[in-house]
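Student: Residue strings, one per chain:
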Amino acid sequence: MTVDASRGADAPPELVQLLTPEGERVEHPDYDIDLTPEEVRSLYRDLVLVRRVDLEAVALQRQGELGIWASLLGQEAAQIGSGRALTDADMAFPTYREHGVAWCRDVDPVNLLGLFRGVNHGGWDPAEHNFHLYTIVIGSQTLHAVGYAMGIQRDGANAATIAYFGDGATSQGDVNESFIWASVFNAPIVFFCQNNQWAISEPLEKQTRIPLYRRASGFGFPGIRVDGNDVFACLAVTRQALRNAREGQGPTLIEAFTYRMGAHTTTDDPTRYRVASELEAWKLKDPIERLKAYLFKNELADQAFLDSVEAEAEDLGADLRRRCLEMPDPGPLDIFDHVYTGSHALIAEERAQYAAYLEGFES
Amino acid sequence: MSILTLSKAINEGLRKAMEDDPKVLIMGEDVGKLGGVFRVTDGLQKDFGEDRVIDTPLAESGIVGTAIGLALRGYRPICEIQFDGFVFPAADQIITQLAKMPLRSLGAIKLPVVVRIPCGGGIGAVEHHSESPEAYFTHTGGLRVVACSNPADAYSMIQQAVRSDDPVIFFEPKRRYWEKAEVDTASTDWWTPFDEASVVRQGTDVTLLAYGPMVKTCLEAATAAQDEGRSLEVIDLRSLNPLDFPKVMESARKTGRVVVVHEAPVYNGFGAELAARITESCFYHLESPVLRVGGFSTPYPPSKLEDHYLPDLDRILEAVDRTFTY
Ligand SMILES: Cc1ncc(C[n+]2csc(CCOP(=O)(O)OP(=O)(O)O)c2C)c(N)n1
Ligand SMILES: [Mg+2]
Chain A
1 MTVDASRGAD APPELVQLLT PEGERVEHPD YDIDLTPEEV RSLYRDLVLV
51 RRVDLEAVAL QRQGELGIWA SLLGQEAAQI GSGRALTDAD MAFPTYREHG
101 VAWCRDVDPV NLLGLFRGVN HGGWDPAEHN FHLYTIVIGS QTLHAVGYAM
151 GIQRDGANAA TIAYFGDGAT SQGDVNESFI WASVFNAPIV FFCQNNQWAI
201 SEPLEKQTRI PLYRRASGFG FPGIRVDGND VFACLAVTRQ ALRNAREGQG
251 PTLIEAFTYR MGAHTTTDDP TRYRVASELE AWKLKDPIER LKAYLFKNEL
301 ADQAFLDSVE AEAEDLGADL RRRCLEMPDP GPLDIFDHVY TGSHALIAEE
351 RAQYAAYLEG FES
Chain B
1 MSILTLSKAI NEGLRKAMED DPKVLIMGED VGKLGGVFRV TDGLQKDFGE
51 DRVIDTPLAE SGIVGTAIGL ALRGYRPICE IQFDGFVFPA ADQIITQLAK
101 MPLRSLGAIK LPVVVRIPCG GGIGAVEHHS ESPEAYFTHT GGLRVVACSN
151 PADAYSMIQQ AVRSDDPVIF FEPKRRYWEK AEVDTASTDW WTPFDEASVV
201 RQGTDVTLLA YGPMVKTCLE AATAAQDEGR SLEVIDLRSL NPLDFPKVME
251 SARKTGRVVV VHEAPVYNGF GAELAARITE SCFYHLESPV LRVGGFSTPY
301 PPSKLEDHYL PDLDRILEAV DRTFTY
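These protein sequence lines map, in sequence, to chains A and B.
Under full-length UniProt numbering, think of the first position of the first sequence as 1, with each following residue one higher.
Under full-length UniProt numbering, think of the first position of the second sequence as 1, with each following residue one higher.
In short, the hints are calculated from the structure, not lab data.
Keep in mind the model is a prediction, meaning the values are calculated, not measured.
A couple of the hints might just be wrong.
[As the list claims (entries may be wrong)] Simulated crosslink set (EDC-like; lysine to aspartate or glutamate; CA at most 20 Å straight-line):
| no. | chain 1 | residue 1 | chain 2 | residue 2 |
| --- | --- | --- | --- | --- |
| 1 | B | K304 | A | D329 |
| 2 | A | K206 | B | E50 |
| 3 | B | K216 | B | E179 |
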């Protein structure tokens, strides 16, 4: 199989696009979006702020304050576009990279850091934000999302579920089973696959011979590919798919065609497996640059606005850093908390033994 | 003689196994160009090609399931599971098929499949990257389960695992990947059979039984105990199934005091089997009950707390002290 050297950047495959990389608004026969200037500026602000959160987290990891970090660099539009399509009643199931979606669900960014700093495994109440915990085991959450959607269906609620996963995850049994369940039960769910072209060191062609969105037809529901670096298109397409789900039309698979501009995580070294020219090609499609160009072209924003967003981003980064460093370390006996809902003899015994053991050092 | 890290020692062992037998394959996530996230397969795809060092789709059940098929066709696949916590999607294939198919065929089928699993904690990782799942597999008849603890063993044991006609679950202590030691790659005379235990330190007062990452910790504990005038014997079990009972019992009878150390939870952990067996066979030689030091009966904690969860020198020595209180 021959591979395009820019990994899709130069020759965009069939996809829904409403905003070109140059910032030109284009028409699409099936999808349109009508946003007020205020809404467009707000999307821009979202994109810039989540990139800043991400940048700060990478820096914190470099300085030893986080054990690891999975960067969303390059995937901001896919996450903000889809995240802003959700209503409060909708429920999202993320992987470990959905910092932008978390932002849209009002999860305080500092709470994302706990897991990566090693102070907890989660850090927010999923029900409070309708944003489930990060899931590290690839693909597992897609089944939970379908089950949740089946619950929505039985409740007769006006809501839908969105399941996030990557291109690599599409190979997992769980993900394929989730497609089958969603299809058979006509579950109100949107499968949002961020195809960032890589699963650690493995390029897309190690997972599939056909474009991922086309897999949906085999399972019996629509699949659509969207320009994942175009926040308008991601918003429009996800909004429509969620609406269809809420109206009883069942699942949709959205493949957001994007690019992981950074390393897989801060412990990864992409120079071992991919060429720099790929990144250069994708930089020209940067999700933030194109929206900035659009804002200027259409005189929807001036330099003062950009500067104010920049200043807000700086404050956000500084605040995140400060609160990360202030995050209290857990106490040793916290190990025994929340293992069971109530009391449990063995846990209680081990807790007491370990407490006594620790006290032995103090005396 | 070469000085090798444990990771490089496995790499050299894999290379040797592939050179010796063209049917040997490596398959897993990121094992090709990247050389695996721990670089254990570094350079092998370049030298043996993509047909023998296979970057698979991201699906552990698929990795082990297709390895079984390849084995049925005469190949000897070595599967890499990226982290301990991700072996569970493959648990069905390992437990219901890999372990049982040879018996189902009345011996007509051999499944020489190796499943390599980096295991254990101590590297400050996020959830699912620090597990010790050995007991799930030692509880499954039909699987050989081994754990290396040092570079030389890693080098010889991986080659023996590949040569085995039985399926082998091969645990690698990930926090020891970067530890170095001399390895004689020129001869095989020094190899200990991979299903035998090794007495890695002689002693007379207490026996410490360990495997994988805890062997080094036990050796350190033995050194510390010596300063206090106690002589600890340390046995590296190496193979958990089968288990080298004669060597374990000999030591238990000699010292009369045994402490088992592993990272996995104590409750229903591998140490339970050791304690029961030693009690059954050496009851009248024991000065104390067999004690166990290990993880708590909780999920593995966030990394800021892992030093509390993992057995360390102090917890081992505290248990050693307790064996003298009976
Ligand atoms: C079941 C399982 N196997 C392996 C891993 C190790 N792992 C973590 S991320 C990753 C690649 C994921 O790729 P993709 O689904 O494309 O998501 P991306 O990281 O690109 O966002 C792998 C193999 C895991 N977390 N879970
Ligand atoms: Mg990916």
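Student: Each hint needs a verdict: does it hold in this structure or not?
Tutor: Each hint tested on the structure:
1. B:K304 x A:D329: It holds: about 7 Å lies between the C-alpha atoms, which stays within 20 Å.
2. A:K206 x B:E50: holds (12 Å)
3. B:K216 x B:E179: OK: B:K216 and B:E179 at ~10 Å, within 20 Å.
Checked against the numbered hints above, the structure breaks none of them.
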